[in-house]
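Build out the structure end to end from the sequences listed, making use of the hints.
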Amino acid sequence: MKKIIALLLALVLVFSLAACAGDTAKDTTTDNNTTTDDAATTDDTTTDDAATDDAATDDTAAASDLNVGVFYYTYDDVYISSVRAALDEAWAAAGITYTNNDCKNDQATQNDLISTAVTNGCNLLVVNLVNSGSAEAAQKVVELAGDVPVVFFNRAVEGEGQEGTVLGAYENVCFIGTDAPEAGHLQGQMIGEYLLANYDTVDLNGDGVISYAMFKGQEGNAEAEYRTQFGVEDADAVLTEAGKPALEYFDANNTAKYQVDQSGAWSTQAALDYMSTNLSQFNEANGNMIELVICNNDGMAEGVVKALNAAGYNNADGGTTIPVFGVDATDSAKTLIADGKMTGTVKQDAEGMASAICSVVTSLGQGTAMADSVAAAAATDAEKFSVAEGVDTKLYVAYAPYTA
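Under mature numbering (1 follows the signal peptide of the UniProt record, and there is no 0), the letters of the sequence shown match residues -21 to -1, 1 to 383, in that order.
Any given hint might turn out to be false.
[As the list claims (entries may be wrong)] List time: in silico EDC-like cross-link candidates among lysine to aspartate or glutamate, alpha-carbon distance up to 20 Å: (1) 223 <-> 198; (2) 326 <-> 351; (3) 285 <-> 296; (4) 223 <-> 213; (5) 326 <-> 55; (6) 363 <-> 351.
Quick caveat, the hints were computed from the structure, so don't treat them as lab data.
This is how it looks when you write it as structure tokens:
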């Protein structure tokens, strides 16, 4: 009889430890040790220490009760990989159990993983939406979540004209990301100022006009749309104000004035392939050299640099360097900039993004309302975080220029 009871207890324990589904599961629940001041001797101080210990215990309990499913649109995105690494560290430090999921850039896959996770006991979802800017896709995720809170991040959940259909429509939903136009404005300003300081050097064929290439990450993605637009428009504004001509797209036959990653993955390979083909037709020998390259992200900028290196440019050996600008300030991009192979980027703060997400999740785990959790996260660093005007469940993480 004792053996039967022991077996039943073991089975109960196994089922109680079931976690949400995913490709990589990590239980990072840890014990938080409270340090007290050994010099404190008064009754009041002892009482305060005890209260602190109780609060720490409550926070630990709240963290250990969380079972978070994290759904990345793809593991292949360089910036998203940076966010994932920073979030893994943040979860561990907070003692939060989590499961990472690679949605492989497919919305149906993401929906299936979310459905399974909720069925298996996830009580909070952190979602990097695959179909960026699609209110319909976001609403489907919320529907699958049911009563489980959803923290969307990085990729917009509403498109033009859809504002309020997701954020503000559900009390258990928030978004943590960036103010989409900001990166494009910063990049354009950076490019314009760089060109004014180095105009004659950049103008390789000496025709007085800077010929540029533009690599777009994804059609319809709000970040990609604004970066593609303002990266050029704001650079033109700086140039024309100083009496210089506006930028000229290198291929007169391309009326869109950009080349886009058809897979929507913002990939290094897509930019490498495009740039390699471009350089075979547009080069110094033909007198129509591409003199500037603007990329929507650092992954594509890396592909461009690889193509330029292969063609004998940007090798930091005293030869010709074509300015290349990106967005994200990934570690690899910082290395390329330090090596003189890439010119500049716009920092999209992966650590800041992870910190904000973990702060909101921790607060929700303690029973705080969604809007209050967002406000509390914003209050931790007013220079880095801000709540969107008129939407108290949208938290912005600031961009910053990076050139060294």
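How the hints compare with the structure:
1. 223 <-> 198: At roughly 31 Å apart (the allowed maximum being 20 Å), residue 198 and residue 223 break the hint.
2. 326 <-> 351: Roughly 27 Å separates the two Cα atoms, so the pair is violated.
3. 285 <-> 296: 15 Å, holds
4. 223 <-> 213: 13 Å, holds
5. 326 <-> 55: Since the Cα atoms of residue 326 and residue 55 sit roughly 19 Å apart, the hinted pair holds (cutoff 20 Å).
6. 363 <-> 351: 18 Å, holds
In this structure, the earlier hints numbered 1, 2 are contradicted, and the remaining ones agree with it.
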